[in-house]
Each structure stands twice: as structure tokens, then as C-alpha cells.
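> Single-letter residue listing:
Number of protein chains: 2
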Amino acid sequence: MAAAKIDFWFTMGSTYSFLSVMRLAELQQSTGVTFQWRPFHLLVILQEMNHVPFADKPAKLAYMWRDIERRASVQGIAARLPAPYPVKSSIRANLVATVGMREGWGPDFVRAAYRRWFQLGQEAGSEPNLSGSLRDIGQDEARVLALADSEDAMAALVAETDAARALGIFGSPTFTVDREVFWGDDRLEDAINWRRSHSIKPN
Amino acid sequence: MAAAKIDFWFTMGSTYSFLSVMRLAELQQSTGVTFQWRPFHLLVILQEMNHVPFADKPAKLAYMWRDIERRASVQGIAARLPAPYPVKSSIRANLVATVGMREGWGPDFVRAAYRRWFQLGQEAGSEPNLSGSLRDIGQDEARVLALADSEDAMAALVAETDAARALGIFGSPTFTVDREVFWGDDRLEDAINWRRSHSIKPN
Numbered sequence: 001m002a003a004a005k006i007d008f009w010f011t012m013g014s015t016y017s018f019l020s021v022m023r024l025a026e027l028q029q030s031t032g033v034t035f036q037w038r039p040f041h042l043l044v045i046l047q048e049m050n051h052v053p054f055a056d057k058p059a060k061l062a063y064m065w066r067d068i069e070r071r072a073s074v075q076g077i078a079a080r081l082p083a084p085y086p087v088k089s090s091i092r093a094n095l096v097a098t099v100g101m102r103e104g105w106g107p108d109f110v111r112a113a114y115r116r117w118f119q120l121g122q123e124a125g126s127e128p129n130l131s132g133s134l135r136d137i138g139q140d141e142a143r144v145l146a147l148a149d150s151e152d153a154m155a156a157l158v159a160e161t162d163a164a165r166a167l168g169i170f171g172s173p174t175f176t177v178d179r180e181v182f183w184g185d186d187r188l189e190d191a192i193n194w195r196r197s198h199s200i201k202p203n
Numbered sequence: 001m002a003a004a005k006i007d008f009w010f011t012m013g014s015t016y017s018f019l020s021v022m023r024l025a026e027l028q029q030s031t032g033v034t035f036q037w038r039p040f041h042l043l044v045i046l047q048e049m050n051h052v053p054f055a056d057k058p059a060k061l062a063y064m065w066r067d068i069e070r071r072a073s074v075q076g077i078a079a080r081l082p083a084p085y086p087v088k089s090s091i092r093a094n095l096v097a098t099v100g101m102r103e104g105w106g107p108d109f110v111r112a113a114y115r116r117w118f119q120l121g122q123e124a125g126s127e128p129n130l131s132g133s134l135r136d137i138g139q140d141e142a143r144v145l146a147l148a149d150s151e152d153a154m155a156a157l158v159a160e161t162d163a164a165r166a167l168g169i170f171g172s173p174t175f176t177v178d179r180e181v182f183w184g185d186d187r188l189e190d191a192i193n194w195r196r197s198h199s200i201k202p203n
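Going line by line, the protein sequences match chains A and B.
When you line the first sequence up against my numbering, it's residues 1 to 203, in that order.
When you line the second sequence up against my numbering, it's residues 1 to 203, in that order.
Keep in mind that the hints were calculated from the coordinates and are not lab data.
Yeah, the Cβ is synthetic: ideal placement off N, Cα and C, and Gly gets one too.
Please note that a few of the clues may not be correct.
[Stated by the list, open to error] What follows is a list of derived Cβ distance ranges for each label pair:
no., chain 1, residue 1, chain 2, residue 2, range
1, A, Arg-80, B, Glu-180, 16 to 22 Å
2, A, Gly-32, B, Met-154, 52 to 58 Å
3, A, Lys-5, B, Arg-143, 55 to 61 Å
4, B, Pro-58, A, Pro-86, 20 to 26 Å
5, A, Pro-86, B, Thr-34, 37 to 43 Å
6, B, Gln-75, A, Val-74, 18 to 24 Å
7, A, Leu-81, B, Pro-128, 44 to 50 Å
8, A, Ala-55, B, Arg-143, 29 to 35 Å
All chains, please: the whole structure from these sequences, using the hints.
Below, the structure written as C-alpha cells:
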């Protein structure tokens, strides 16, 4: 039988993804569900939809920060808000995350980058966040950035973005259980309950 | 000491508000918190923001129906989805609701209208939903529609819409505890917890 698995789709310019990034490791331990971290480039899908979630909507943006602040507080996650937003170069961070997922240190990098973004005020995808996050997790900056800038990494990120679009994904974080889609950190528990109550398909 | 009260802001073209409308009475009983129902005309605020939440975004719209279906199912609320959307004349339903709140039968009307919309497929704000919902709750259709079409009702609805905007409200349903804003049926429990853990201001 296949292991109980949930796909965790995220893009590194996403603010609400912070909440999921910071609690997935603990949830994996407490629930026994495995999360597969899948970075994708949401910005392309948002542009296709002609959709700007927050940045051009002041009331919604102000609410977003307050909502994240309250939820981080309830979850015991430290945060200094508002963090820089919107980020100028989420693609760079998504490419590094893509390399990291292949090499096994991806979740550590993503956590380090979100810590720097949401706790130190260093914008994700730009310096000093990129190099600093790689240093934090003991990865060689020059080697990793060369891989992130390769056509190979870009092709992998495009393929994952295509896979996200094909599932109907339009936001980050999104959790999928087979083809069932759950959008938002506030649907994470629903995704886990769904995974538990629906039979695992044999490989 | 003032009673524990949460303001429930809603507009009758809103799909997610269905979930809150159908469970507030029970929650009021089980929690002891009083909900003050406050219809407002969200469409004006959305137009000011240049924001269309779902209707022009097919992937987000498809997800919305699936999400509402799952949540209604968990909450034990019957629904035949998708319901007609977007509605052509939410203002008419909001005006009737405004009259109803003044006269005391507002919540009954709103529940009847959502039942017809989400269970019988009758679009909110249009016929036969409007007249049928008034009949369902024993109100005289001619009398109420005349009041709903009065300048008085329109002024009251505009005033409530202004009050919503001033609080930073940009969606429906929204719950407010004093000036603390909780957006979405999925923040209803957070609003109740907030109400319970923050002291009531004396009148």
C-alpha cells in the first residue's frame, strides 16, 4: 500500500504559505502523513487569470497581515509583520527550492528563507535572503545558484507549474490529495482529514 | 455589562455566506454569543476595489463550489450545487433583508432566501425567490416590497455599506468583534473565540 501522502504546492512569494511552511514538519510527525513539497511559479497562473490577490487592494492587504498575525500567534509561530510585500523576484527563490527538492534539502531552505523574510524582514528571492538562507542550511551558494540558473531547473519549475494548473490550482499554499484540492493554510486540517478518510490508491 | 455580541455582515449575492446563514442560529444557542445580522451592499465595495471574486476566474469558481460542497457536507447542511451564480439583483434581496432586520423577521427571510437559492436553484434577489421567501415566513409580499423600494430602506442599506467600508470590510460573510475583523465562514469560530477571550466594553 502507498504511504499516506499529501502534495504541498507553494510559491515563495506567497505570504499565507509562511504559516504552512512553519508547521508542516510538526504535522508530519504528529499525523504520520507525508507531505511532498512542490514549488511552482504561481505568478504565471495569476497573470493568466489577470488576478492580483492583495497588492492592489489596500483593505484586503491590511486584513491579510492582521489575519496572518493572529493565526501565527495562535500557532505559536514568531513573526515580525508586515514583511516586505510583494516580493520582486519570487522566481529565483522558486528555482532554488526546485533544486533543493531534487537534492533533499528543499524544505530546510524554504523554512530558512521564510524565517529571514517573516522574522528578519529580508525579502524572499532577493539578497541577502537567498545567499543567507543557503548558508543557514550549509549549502554552497555558488554551486546552488548555478544549478538554479540552469535550463534544467527552469524546465522542472515550468513542468510543476503546468501540473499545478492542470489540477486547477490558482493559489498558494494548496494541498492536494490525489485530485482533491484544498486551498489555503486554513484548509490544511481538512486535507489531512480527507487523506485519512479516503482509501489510498495502490501504486 | 453589554451582552457578548458579534456583528455578522453579509450580502445576499454571496455564496460562502450560505454556510454562515444556515448555522448561526444553532451557534447562537450553543455559544451564548448573540449575532447581529447586518446586510450591506458588497457589490459597491467590490466595484470600488475593481475586484471580481470568482465570476471571471473559472478555476477559482470551480474550486469555490467544491469547497462549499465539502464544507456544507461536514456541517450537515443540504445543498444542490452549483446554485445560480452570479446573481443579477442582489440589491433587491439586500433591501428586503434591511427592512426585515428593522422589523425582526430578517434572519428568517435570509434563511428562506438561501434555502430557495441553494436548495431549489432559485436565484437570490429575483422572482420567484423574493416573493416565495416572504411567503415562506408569513410576510405580506406587497407591503414588504413597497417598503424595500422606499428611499428609507435604500438610505439604511447605504449607511450600513458605509459602516462596513469604514471597518475595512471587503467580503461576505465578515464577522466583527468591536473593530476586529474576521472574513469568511471559516473564521467564524475564530471570531467566537476572540469574543470570549476579550473583555466586553461597557455600554
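> Now look at each hint and say whether the structure bears it out.
Going down the list of hints, with the structure as the test:
no.: 1; hint: A:Arg-80 with B:Glu-180: 16 to 22 Å; result: 21 Å, holds
no.: 2; hint: A:Gly-32 with B:Met-154: 52 to 58 Å; result: 57 Å, holds
no.: 3; hint: A:Lys-5 with B:Arg-143: 55 to 61 Å; result: 59 Å, holds
no.: 4; hint: B:Pro-58 with A:Pro-86: 20 to 26 Å; result: 24 Å, holds
no.: 5; hint: A:Pro-86 with B:Thr-34: 37 to 43 Å; result: 40 Å, holds
no.: 6; hint: B:Gln-75 with A:Val-74: 18 to 24 Å; result: 22 Å, holds
no.: 7; hint: A:Leu-81 with B:Pro-128: 44 to 50 Å; result: 49 Å, holds
no.: 8; hint: A:Ala-55 with B:Arg-143: 29 to 35 Å; result: 48 Å, violated
Comparing the model with each earlier hint shows a violation of hint 8 alone; every other hint is respected.
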